[in-house]
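Got two chains here, separate frames each, mind docking them using the hints?
First to last, the protein sequences are chains B and C.
In case it helps, my numbering puts the first sequence at residues 108 to 528.
In case it helps, my numbering puts the second sequence at residues 834 to 1014.
Hints are computed from structural coordinates only; laboratory data are not their basis.
Be a bit skeptical, because a hint or two may be false.
Unchecked claim - Only pairs whose alpha carbons sit at most 30 Å apart, straight line, appear in this in silico DSS-like list of lysine-lysine:
#1 B:LYS522 <-> C:LYS998
#2 C:LYS838 <-> B:LYS299
#3 B:LYS431 <-> B:LYS522
#4 C:LYS838 <-> B:LYS300
#5 C:LYS995 <-> C:LYS867
#6 C:LYS867 <-> B:LYS522
#7 C:LYS998 <-> C:LYS868
#8 B:LYS432 <-> B:LYS363
#9 B:LYS299 <-> B:LYS502
#10 B:LYS370 <-> B:LYS502
#11 C:LYS868 <-> B:LYS522
Stated by the list, open to error - Partner residues are not named here, just some residues of chain C that face chain B (Cβ under 10 Å, in silico):
#12 ASP860
#13 GLN874
#14 THR878
#15 CYS911
#16 PRO939
#17 GLY952
#18 ASN963
#19 ILE974
#20 ASP983
#21 PHE988
Each residue gets a CB set at the ideal place from its N, CA and C atoms; glycine is no exception.
What follows is each chain in one-letter form.
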Amino acid sequence: MAETPQPTTPTRVTYDYVTRTIARTLGTPSRGYFLLLGAAVALLAIGIITLLYLLRYGLGLAGYSHPVYWAVFITCFVFWVGIAHSGTLISAILFLFRSGWRTAVYRTAEAMTVFAVMTAGLFPLIHIGRQWYFYWLIPYPNERGLWPNFKSPLIWDEFAIGTYFTVSTLFLIMGLIPDIAAVRDLATGWRKKLYALTSIGWTGSNEQWRNFTGWHATIFAPYFVAGAIYSGCGMVITLLTPIRTLFGLEELITVKHFENLAKLCLLTGSIVGYAYACEYFIAWYSGNPTERAAFWYRAFGPYWWATWTMIICNGFLPLLLWVKKIRTNITALFVISIFVNIGMWFERYVIIVVSLAGEPFTKWTNAVYNPTWADWGIMAGSFGWFFMWFLLFVKNFPAVSISEVKEVLPPPRSKPSKAHA
Amino acid sequence: MALPKPLNDLFRPPPTPGVLAAFSHLDTTVAAIKKLRAAGQTDFTVYSPIPRHEIEDALGQPVSPVRAFTLVGGIAGCAVGAWITLWMSADWPVQVGGKPIGSIPPYVVIMFEMTILFGALSTILGILFNVLFGARRTGTILYDPRFTNDRFGIFVPAGSDKVAKAEALLREAGAEEVRRG
Chain B
108 MAETPQPTTP
118 TRVTYDYVTR
128 TIARTLGTPS
138 RGYFLLLGAA
148 VALLAIGIIT
158 LLYLLRYGLG
168 LAGYSHPVYW
178 AVFITCFVFW
188 VGIAHSGTLI
198 SAILFLFRSG
208 WRTAVYRTAE
218 AMTVFAVMTA
228 GLFPLIHIGR
238 QWYFYWLIPY
248 PNERGLWPNF
258 KSPLIWDEFA
268 IGTYFTVSTL
278 FLIMGLIPDI
288 AAVRDLATGW
298 RKKLYALTSI
308 GWTGSNEQWR
318 NFTGWHATIF
328 APYFVAGAIY
338 SGCGMVITLL
348 TPIRTLFGLE
358 ELITVKHFEN
368 LAKLCLLTGS
378 IVGYAYACEY
388 FIAWYSGNPT
398 ERAAFWYRAF
408 GPYWWATWTM
418 IICNGFLPLL
428 LWVKKIRTNI
438 TALFVISIFV
448 NIGMWFERYV
458 IIVVSLAGEP
468 FTKWTNAVYN
478 PTWADWGIMA
488 GSFGWFFMWF
498 LLFVKNFPAV
508 SISEVKEVLP
518 PPRSKPSKAH
528 A
Chain C
834 MALPKPLNDL
844 FRPPPTPGVL
854 AAFSHLDTTV
864 AAIKKLRAAG
874 QTDFTVYSPI
884 PRHEIEDALG
894 QPVSPVRAFT
904 LVGGIAGCAV
914 GAWITLWMSA
924 DWPVQVGGKP
934 IGSIPPYVVI
944 MFEMTILFGA
954 LSTILGILFN
964 VLFGARRTGT
974 ILYDPRFTND
984 RFGIFVPAGS
994 DKVAKAEALL
1004 REAGAEEVRR
1014 G
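Isolated chain C (complex conformation) (with noise of 0.2 Å):
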């Protein structure tokens, strides 16, 4: 399916060439991880079936900004649900039983709900945003389907100069199985 430019821009960004491995134990990845690392590379992807914190520390990433998207949205629900309850109120005036015009008590129960709402609603996005960003920085690369069920994967960016280093590494490190695409 051709898309406009832009978005093609966006979403099908041109394959970089380089290396995939596949691994089918944890610390044999690992151990790859920390080859790479050492030999100066940052750039690679590392796919798993299952998040690993063996392989989160390897990697050393910094902590996922989602939950400032949580917090924005949440801090920003509160508010919109004070808003529309104090201002439709004076709006629109009803006496209830006797009760202020504007009565924060019974507020605070849609308040509540808006800050739950917007929370969970911006984290959606928040994870979305991040992990767009991330697939654009890395462009299109190789993948393995066997990734989502028992396989671990390496992918490596390499131009033809380094692309036999990085495939020694990779082989060394223990990978069953190494292309290049």
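One chain only, chain B, in its complex shape (with noise of 0.2 Å):
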């Protein structure tokens, strides 16, 4: 056998430690885990009783009342949309600028995508009514000849939302299917056996790579991103704090990684802020006296807590990341991430319910919207759906790409090479 060459590259971080490390995370889960889980499961739960009473006594128990027809469970669904359009916007945008930090977090967001999007579907069903009617959106050849009318967004966010849900899971799936291999080239037991199907058949031949890699250079990405990327950002950092500190991935998920995360919320909430801005300066600006009502009564009307709770966690508190202090401190960071999501969730609600209640053109109608425990209770059920199937996730599939992660180290060479890598 020829001799062994030496390696050459110093670092810690090598082929082998990230594939370990990784793998660890599928683990026996630790105690922190299940309370975790069960906490998701007990709001899930919360959910399930809540739709269970809604589909008995009816969408009465919602505090709808006119002009609110939309409210709470709207408000959720433009929520978790938003979350999920930032997590298409890191895996593809930041894939299309070549942003090499991208690859330690963008699982994280790709599963985010996909089960954001699975618990904004569920609002537009729970918020017709008659859930079990669901299927009449979907254009079936039926013995009356009938079809569903296509002028209706209705039908659009039926198309939109089974599309976006098809293509991010196929996202998600491609990219970890060399990962799987590798996590079934270490696995035993039934891991081995589950891993071996779901990796099917992945070797890392150069026929599979020639076909794959042409697949996250995919061009249609960019089609898939809008807005939102500011709430997506800090669900992101919300989601990456606890998974680094339980699964001690420290040394792949770094500071740089959070304090880039932070400049793009930094970034999207001061364009967030120059909206809200704008929107108040146009309404004075314009002279006109309903759109000046409306502002009027957004600010300093019944639901001021919801407009200025809005304003403040989305145009204020992102420029205390302009600190370098404050955005590579990971606890600051995860508690101000925690309010952007508030925050933005209540921009959903300020747009949605207070734009409705405090529409000038129905003065006569005053709005006596509340939300009830039956909104309250769908939308706590939405987070424990959403972290439920979050948690099993990073348990059993890895949390972090383990090709891509290694694609941005030095490969180990026998020699060093000539600059460029």
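Right under this line is the structure:
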């Protein structure tokens, strides 16, 4: 045998380190994990019980009252769709910009996308009231020859959510295949069988990579991108912080990654803050009395608390991230990210509920809308549903991409390479 | 598990005799690929934990045909979106807000969504189809679980007459380990 060349990469983070550290996250769950999972399932149980009540007694249990017929359910829908969009942003746009730091966080973002869409998709169904007729939205041949009305945004939702869910699930699964193969080659027992089946024969041969690499360079990723990046960045930080600590991934998901996410938060938060300022400026500058009244109602009407929660959390709080000390302090970031989530939830609440309630054209129908226990119960359930899927995912599949983290490492060479990597 | 014969031929072709080499470095792997190609070998398989341009360049493989699947799927999806909206509106005409029965602007939403959906699905099918086709061409070959972790591998199909030569070539290029199968 030829003499074994000496390794020339001095860093502790080698290919082997990456595989083993990430595979270790799949080990026996700790008590902390079960506590989190239990909390998620308990929240989901609240949601399910509330839903059963809604099925039995009808939508009247929610606080709907004229003219507010869209409220917490649609607020939650938009909130979760927004979360999902930013997951797509992190995985697609940062890829197009060739941001190497994305590799450590994108799997979390993509899983978040899938589970957030799964959560969002429930809300239009809950909102329609007669959930058992949901399939009327699907264009299927039926005995009366009826077809759906394609001019209705409800049908657009059905097609958009269906496509978004299918495609983001495919993104997640395709990216997972090489990683599942890596875990398969370390696993034993029933897990070995599970991963052997789900890695569908991946070996990393040149024939497989040749066809696969086209996938994550695919051009249609940017089609998916729309706003709501800010809230999603917040949610990514909220999710990554406990995963990193629980699973000991400090060396793979570094402070640098958190700082970059915080910078994205700062950028998008500033855009959001600018938009709020613009809205108020235009309302005043246009001289349009109805517009002025609507915005006065938002800030100083009965829902002033919702509006100011939104403005403070989204417009002012992210400005703290200008300070490097805060940006690189993970505890501070975690706390800020929770307020970002709260702020963005209230933004949707303000847009949906407060706009309807304060519509100047229907002044004679004073709104008395207030969310009821049924609204809050369903919302709590949606958080439980989301976190339950997420926690089950990170314990059963690699939560950080093994093959893509390796891609940004210097490859092992027998002699130092000539500069470019 | 026993499979019916046609499936067995497809998914479990008979093992190919040859040599499997494991490398711990990228540059030695690339050197071995170049040597093999210089020696006139073309049907060998390279395993790597991650895709590397150095390996692609050394192999000089043609561009993956998956992109064509994506394009065709996307165009087909757009056409399906146009067809279901226009045909279903004509079949069950409903007047909404004084708009024409077949109004294009709202249908663009459906056409766009179907473009994405069909494009993504046909990309996946394209990957599976092309990988399966590639795997069939090479047959069942040796593999080592370390190739998904931190080792690179090269499998050279070789009958008993050529196996010694292939082995020597791989060792000379810096293989950490070579075995026959």
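Are there hints from earlier that the structure breaks, and if so, what are their numbers?
3, 13 and 15
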